[in-house]
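Protein chains in written order, with the numbering used here: chain A, 1 to 106; chain B, 107 to 294; chain C, 295 to 947.
None of these hints come from the bench; they were simulated from the model. Where hints are given, some of them may not hold.
Covered, in the sense of this in silico footprint (three residues per stretch, anywhere, with C-beta under 8 Å from a C-beta of chain C), are these stretches of chain A [claimed, not checked]:
#1 22 to 34
#2 96 to 105
Chain C is nowhere near these chain B residues, computed Cβ spacing over 10 Å in every case [as the list claims (entries may be wrong)]:
#3 148
#4 154
#5 169
#6 215
#7 279
Source: prediction; values computed, not measured. C-beta atoms are modelled at their ideal positions from N, C-alpha and C, and glycine is treated no differently.
Listed below are the residues making up each chain.
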Amino acid sequence: MMLAAIVPTTTYYLILAAVLFGIGATGLLVRRNPLVMFMCVELMLNAVNLTFVAFATRFGNIDGQTAVFFVMVVAAAEVVVGLGIIISILRRRPGATADDLAELRG
Amino acid sequence: MELLVFVLASAMVLGGAVGVIVNRNPVHAALSLVLTLFGVAVQFVALEAHFLAAVEVIVYAGAIVVLFLFVIMLLGVDKAENLEIEPFPIQRWLAAIVGLGVTGMLIASIVRGRKILAEGEPLPASGDDNIRALARNLFSDHVFAFEFTSVLLIVAVAGTVLLTRKTPASEKAAEAAAEAARSSKAKS
Amino acid sequence: MLDVIWLIPAFPLAGFLTILLFGRRLGDPVAGFLAAGAVLGSFVVSVGAYFDLLSLDEHDREHIETLFSWVPVSSLQVDMAFLADPLSLTMCLFVTGIAFLIHLFAIGYMHGDPKFSKFFLYLNLFVLSMTLLILGENLLVTFLGWEGVGTCSYFLISFWHHKDSAATAGKKAFVTNRIGDWGFMLAMFIGFEAVGSVSYGALNGAAEGGALSQNTATAIAALLFVGAVGKSAQFPLYLWLPDAMEGPTPVSALIHAATMVTAGVFLMTRMNPMLAAAAPEVSTVIAYVGAFTALFAATIAVAQTDIKKVLAYSTVSQLGYMFLAVGSGAFVAAIFHMVTHAFFKALMFLGSGSVIHGMHHEQDMRKMGALRKFMPITAFTFLIGWLAIAGVPPFAGFWSKDEILLFALVKSPVLYVIGLITAVLTAFYMTRQIIMVFFGEAKWTSHANAEEAAEGDEAHASTAHGEFKPHESPGIMLVPLVVLAGLSAVGGIIQLPSFGFIPDNWQHKLESWLHPVVEAGEAHITESGAYDNKELLALLAIACALIGIGVAVAIYAKHLAKPVEPEILADGWKYDSTVSAFMGGPGRKAFDAVAWFDKTVVDGAVNGVGKLVSGGAGELRKTQTGNVRNYAGIVGVGVVALLVWFVIGRGVL
Chain A
1 MMLAAIVPTT TYYLILAAVL FGIGATGLLV RRNPLVMFMC VELMLNAVNL
51 TFVAFATRFG NIDGQTAVFF VMVVAAAEVV VGLGIIISIL RRRPGATADD
101 LAELRG
Chain B
107 MELLVFVLAS AMVLGGAVGV IVNRNPVHAA LSLVLTLFGV AVQFVALEAH
157 FLAAVEVIVY AGAIVVLFLF VIMLLGVDKA ENLEIEPFPI QRWLAAIVGL
207 GVTGMLIASI VRGRKILAEG EPLPASGDDN IRALARNLFS DHVFAFEFTS
257 VLLIVAVAGT VLLTRKTPAS EKAAEAAAEA ARSSKAKS
Chain C
295 MLDVIWLIPA FPLAGFLTIL LFGRRLGDPV AGFLAAGAVL GSFVVSVGAY
345 FDLLSLDEHD REHIETLFSW VPVSSLQVDM AFLADPLSLT MCLFVTGIAF
395 LIHLFAIGYM HGDPKFSKFF LYLNLFVLSM TLLILGENLL VTFLGWEGVG
445 TCSYFLISFW HHKDSAATAG KKAFVTNRIG DWGFMLAMFI GFEAVGSVSY
495 GALNGAAEGG ALSQNTATAI AALLFVGAVG KSAQFPLYLW LPDAMEGPTP
545 VSALIHAATM VTAGVFLMTR MNPMLAAAAP EVSTVIAYVG AFTALFAATI
595 AVAQTDIKKV LAYSTVSQLG YMFLAVGSGA FVAAIFHMVT HAFFKALMFL
645 GSGSVIHGMH HEQDMRKMGA LRKFMPITAF TFLIGWLAIA GVPPFAGFWS
695 KDEILLFALV KSPVLYVIGL ITAVLTAFYM TRQIIMVFFG EAKWTSHANA
745 EEAAEGDEAH ASTAHGEFKP HESPGIMLVP LVVLAGLSAV GGIIQLPSFG
795 FIPDNWQHKL ESWLHPVVEA GEAHITESGA YDNKELLALL AIACALIGIG
845 VAVAIYAKHL AKPVEPEILA DGWKYDSTVS AFMGGPGRKA FDAVAWFDKT
895 VVDGAVNGVG KLVSGGAGEL RKTQTGNVRN YAGIVGVGVV ALLVWFVIGR
945 GVL
């Protein structure tokens, strides 16, 4: 079939990553539960990883994949610390959402 | 063939992503996240980044999402939040602008630049398989950053342990909070 | 003595400071003698400087003594400097001399007043300001003195400030003067802008040398005249002078007869090259304003009943004569009349002070009469002053008035006729005053008792029910009267005209003395028809004086006809009340409108800026919700904006 002849080029992956990033950003702004907000951040990080790898494959440069490696490590560390913070806050105030943590209002 | 793989994997990615932001129950959202991560792993394989695909599944889906679920269960925040109401009316507008704007602009620039992407010549292949090439790059060009990440991991762990310690003061506060929660539940 | 000419203002300054610090301790009469001594010191220095100047050659008679640099501000360099030339020394001599005599008089007049030392404090301050005015080498020092005499006038007019009328009169004088000062200041600004300096040498030099355009010279001369109109009480700014009679009589004598009011004439004479360089219309206007004021005030004086008010309007009238002279180019005649007027008007004011003192502070002439029997010396000296002002030769007033009329005729016959009519009226009302006060029947018996009793005056309570008798004043008050009478009698000698019977070297002494100062502006009338007939004109002037005297004697002494004193004249042609009504009514509304504008628009704008900032801040505060999601949203919007700029703006798209 004609369809089978179409090979997904780099552009396809880039667009997919862009859409994924947009969804993650929207979710971050809409959800109030802190843990779900964190998951949206993970979505965005994955979109970036996808972009890096797409470019690495296109240009044959392995540096892109190394970048993804580091992104993953940092994301792991970030999740650990972030969840620690969420735990210590929610221990005091069970059932709090992002809206309830508004002490810095002017 | 590749197109079919791409479409299926994209469906998993996008479906899971939408699921994350739409599901009211955080546990369901976490499971949608796992679906997305799988999809991304499949894309990695299609892009010949085999090692990364494995790491994606093991670290992201295997460790990070599990950690999320642990915390959800530990804190008991698995109650569904009501997505209908929005305390700040402007928030939905901001979300719309950001979501559509970012996506639109990125897609526009990608589409515009697709010819340039198609033209250039790739670098000559190194001949090694993926993991070997990655290792070679990581431990020669980026060894310094590699060492730093190990420090980062230790600091993160130590920091988190310190943050989540139960001191006598926080014990008392937690007690008081639980008391208040119980009494309000008893009244209502 | 010329190098220490700064002592002339320094002595009264020292007196002022001493009385300021120790006045209350010195008391009555030491403070008075101290003040008089300071002025005497100034007079002595003036005399010394006069002789020094006389020894110089005629064209070198100008000495500038610079004390220090007063205003050194880039292009504006003004020094505290004094100019000793014939004009300023003439003024200094008669100002300090008469001031000294008046100080002596005041020691007697103000005896017993609780604020005795304060009076002499202000008097010394006044002499200081007046000498600064006269000796100033530039317009700014003169202006300093100008303002100083205005301030002292305010202090001294409202000296008895617990009297409402006195306090109001002081304010009225100050405010009216201010209007004139505005003209003076504008003239200074224009002069500085045109020449780059405010010193007389620079301004007059530029005017004489033709460096000033006629328009600039006209503007400066006209604006200085506005200042002179305010200070010298010409129409329309004369209305403060009659009210200024609320002050003690020595004040009226010194400030409002002999010295301060002549400052305007002095200024115009000092700036005569400017007048010469200006359009001829300016001089014509000055002459007509002076002539009109002279006639106007003389008509009002005819109907006044207060002894001091007659003299006040008479002063306005005689000042009008001086401006008529200035406008006709007769600067020497103006100064001459200024000097003789100072003698006889100060004499008559002091004489009226003596009368008031002897009549226990009664000022209404209708309640006086036959005082020559009780106050012989006062009466005798007053009569000499009367003859001088009426223009009867050989007393001083005749010579000066005659010279002015001569120049007026050359300028325009209309001015001459106005001057003659005014001369008739002057003789008339002065004779009227003499008769009402010193001759005729004594009218003081019934009323004075009732008035004194009503005022609760303890000192006169004994005489209230008994015999009320006016008494002669103490010696210290009579000495100045005698001296001034002598000067009024022989003062004409300084400028005798060229009548045939007068020896040549006795003629025109003042003119040759003042010649270098006024040669730019002095009119030359030796070739005119009027000059040829000057003896005839002199006889005409004498005839006018005699007519005036005769009519007054007929009406008031011989009672041959009924006195004509219409009320409108007594009210001063209702000018004062019109001004008050205007200022109180439409004027007040205009001022309220300006005040409203200031409060609402100007203050509103300033406060509005504050409110704007505060309101804006209040609105901006709303962005700080403290909510993480909002902040994240705004960060996202920023990212979108950046992307838009890169993609669309920079043409990646």
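Worksheet entry | Interface-negative label, residue 148 of chain B against chain C, beta-carbon threshold 10 Å | At about 29 Å from chain C, residue 148 of chain B clears the 10 Å cut-off, so the statement holds.
Worksheet item: Do three or more residues of the region 22 to 34 of chain A come closer than 8 Å to chain C, measuring C-beta to C-beta?
Response: Coverage by chain C holds for the region 22 to 34 of chain A (4 residues, Cβ < 8 Å).
Item to complete: Measuring Cβ to Cβ, find out whether residue 215 of chain B lies farther than 10 Å from everything in chain C.
Response: Residue 215 of chain B is in fact no farther than 10 Å from some Cβ atom of chain C, at 5 Å.
Item to complete: Grab the minimum beta-carbon distance between residue 154 of chain B and chain C and tell me whether it stays above 10 Å.
Response: 29 Å, holds
Worksheet entry | 8 Å C-beta criterion, at least three residues: is the region 96 to 105 of chain A covered by chain C | That given contact holds, which follows from 7 residues of the region 96 to 105 of chain A lying within Cβ reach (below 8 Å) of chain C.
Worksheet entry | Closest CB of chain C to the CB of residue 169 of chain B still more than 10 Å away | Residue 169 of chain B clear of chain C: closest Cβ-Cβ about 26 Å, beyond 10 Å.
Worksheet entry | Non-interface label on residue 279 of chain B, tested against every C-beta of chain C at 10 Å | 21 Å, holds
The structure fails hint 6 only (numbered hints given earlier).
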